[in-house]
Amino acid sequence: MTDLVVLYRAQFKTTIASQLQYRGALVIWIIGLILQPVIYLSVWSTVAESRGGNVDGFTASDFAAYYLTALVVSQASFTWIMWEMEYWIRQGNLSPLLVRPAHPIHQHVANNLTFKLLTMAVVAPVVVVLTFVFQPNWTISAWTALAFIPALLLAMALRFAVEWTMASLAFWITRVNAINQLYFVVFLFLSGFVAPLDLLPGPVRSIAEWLPFYRMLGFPVELLLGRLSPTQAMVGFGAQLAWLALALVLLNVTWARGVRQYSAVGA
Amino acid sequence: MTPLTEPAIRVRDLGKTYKVPERESGLRASARSLFRRQTKDVVAVDSIAFDVQPGEVVGFLGPNGAGKTTTLKMLSGLLYPTAGEATVLGHVPWQREKAYLRQMTLVMGQRNQLVWDIPVADSYELNRAIYRIPEQEYRQTLDELNALLDLGPLLTKPVRNLSLGERMKCELAGALLHRPRVLFLDEPTLGLDVTAQRRIRGFISEYAARNDATVLLTSHYMADVEALAERVIVIHHGALLFDGDLAALVARFSPHKTVTVDLEHPVDHLDRYGEVVSVDGLRATLRIPKGEAAAVTARLLAELPVVDLSVTDPPIDEVIDTVFSSGDEPAAGGVPVPEPERVPEPEPAAV
Chain A
101 MTDLVVLYRA QFKTTIASQL QYRGALVIWI IGLILQPVIY LSVWSTVAES
151 RGGNVDGFTA SDFAAYYLTA LVVSQASFTW IMWEMEYWIR QGNLSPLLVR
201 PAHPIHQHVA NNLTFKLLTM AVVAPVVVVL TFVFQPNWTI SAWTALAFIP
251 ALLLAMALRF AVEWTMASLA FWITRVNAIN QLYFVVFLFL SGFVAPLDLL
301 PGPVRSIAEW LPFYRMLGFP VELLLGRLSP TQAMVGFGAQ LAWLALALVL
351 LNVTWARGVR QYSAVGA
Chain B
-5 MTPLTEPAIR VRDLGKTYKV PERESGLRAS ARSLFRRQTK DVVAVDSIAF
45 DVQPGEVVGF LGPNGAGKTT TLKMLSGLLY PTAGEATVLG HVPWQREKAY
95 LRQMTLVMGQ RNQLVWDIPV ADSYELNRAI YRIPEQEYRQ TLDELNALLD
145 LGPLLTKPVR NLSLGERMKC ELAGALLHRP RVLFLDEPTL GLDVTAQRRI
195 RGFISEYAAR NDATVLLTSH YMADVEALAE RVIVIHHGAL LFDGDLAALV
245 ARFSPHKTVT VDLEHPVDHL DRYGEVVSVD GLRATLRIPK GEAAAVTARL
295 LAELPVVDLS VTDPPIDEVI DTVFSSGDEP AAGGVPVPEP ERVPEPEPAA
345 V
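So the sequence lines, in the order shown, correspond to chains A and B. All residue numbers for the first sequence refer to our numbering, where the first residue is 101 and numbers rise by one. All residue numbers for the second sequence refer to our numbering, where the first residue is -5 and numbers rise by one.
By construction, these hints were calculated from the structure, which means they are not laboratory data. No false leads were mixed into what you were given.
Interface residues of chain A toward chain B, partial, derived using beta-carbon atoms under 7 Å: (1) Leu107; (2) Ala110; (3) Gln121; (4) Arg200.
Each computed DMTMM-like pair below joins lysine to aspartate or glutamate, with the alpha-carbon atoms no more than 20 Å apart: (5) A:Lys113 <-> B:Asp111; (6) A:Lys113 <-> B:Glu119; (7) A:Lys113 <-> B:Glu129; (8) B:Lys34 <-> B:Glu18; (9) A:Lys113 <-> B:Asp116; (10) B:Lys284 <-> B:Glu269; (11) B:Lys151 <-> B:Asp116; (12) B:Lys151 <-> B:Asp111; (13) B:Lys92 <-> A:Asp103.
Each residue gets a CB set at the ideal place from its N, CA and C atoms; glycine is no exception.
If we strip away everything but chain A, and leave its shape as in the complex, we get (with noise of 0.2 Å):
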């Protein structure tokens, strides 16, 4: 354990270091990840506005407080392994990160959680500025906001994971870019990123909740917002605990079945 906490302070040290290297780079990602729930926010206030004030009963402050939560949940869960692993994979790269003793998953924790902390200096001023402008009807509890924080732990760990083990397919599929953007247009849909999950169709929604996409985005925003029963948050923390149980175990066992298929094509 204690060999972790080395390993993890000195993995952190290097990340934070590198990413301050490229702090344009930084700040351009910063944007794309703002841009995308504005975005949407602006569409649907638009569109309540124009319904005589709201979309089956979502009014543009709910839509504002509904997508500026969806910003914090979504910078901090999503990943972008899929594409750095066809890159290791392609290139080689993955090669001297398995002849040493440690496990390459823990440079990408390190990474993505360096980059959160990094962003979340720009994410979180943004988001009050954003309050200003969109007036969201904030309709938090104590319990919610405190019910919030775990939900949104395993939205990040469950998105990870499942995007760890998709990335792993690049072991096996040359250009795995096409799944991934397929994955992504499942994911915007069924996340509740697109639209919420309540203004699909019921049985749409039925279908999502069976899914894991909604439990890494719109069921901790709505979680916080008040907008589940005791009753759906319960059965939420349950889906989304047993979808990262068999998450974890798909990942191990792709990559233990890429790496060796990796090994048998020429590393």
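With chain A fixed as given, assemble chain B onto it according to the hints.
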């Protein structure tokens, strides 16, 4: 180096056959390959066997595509073999046990292990954590490496700002911070100028001697091998061609001696004595079959106005070149098996 000890590296019948996709050119073939992938077997390493004793420095020679890198990758745990077995320090490399990885290092000349964007010293700190090197041991090793390689001013520079030679020095030092007992060095001097090459060579032999480390190194530069390795293993087309010391390699594969004579005055018809390689003023160089060297030398001394005469083995590069271009003579130990398809014809030996 006593053969009684357990070898550091033990390789038996080790083989690697790659399956590579194969497709004829043309649209129709492309369409066909959508449904049925044609693959063919390419034998990269073909049943090789050798032992390396602890503390031995062995040069691994062969032209491009001979299977050197594939072998090093199998021994360092990056590749699964398709046949045979190997142990390094008692571990099966491709199981990649941490206990094994902590004791070995793999340096590939063109691959970067240091973090590109941060100062070298910070990358070393990361290695310290990954390999769990105790602080004091780390300081001591770094000081030693620093003294041997003169890293001082480089440590604070980001890796991307280093020249190729500087980077290679830093890569090597970084790969040795955990004091590995086995080193696999694949072209450690590739692309470096002569001075830098000499520096790296000196360093490797110093490190190996100080730490009693076992080294298996490939290089295109014969000077590397001559300076570092007493023993060489030659592979060609994936099969073991020769395993022994450098002198024996020359004795075995060079059928000629080079005789250089300095004459008092020019002489005609030197070709009576052997193949004339060059005539430069009063100095002539002849190539003479090894068996006739003594007799021809005696005749030269008796019949010509010789001022000076020397008999030497041809340069090692030339010998290696002969070995690779002449080809497929089986080795004492390795038994090349007839195989469906071999590695594509290698480029001319660039030794």
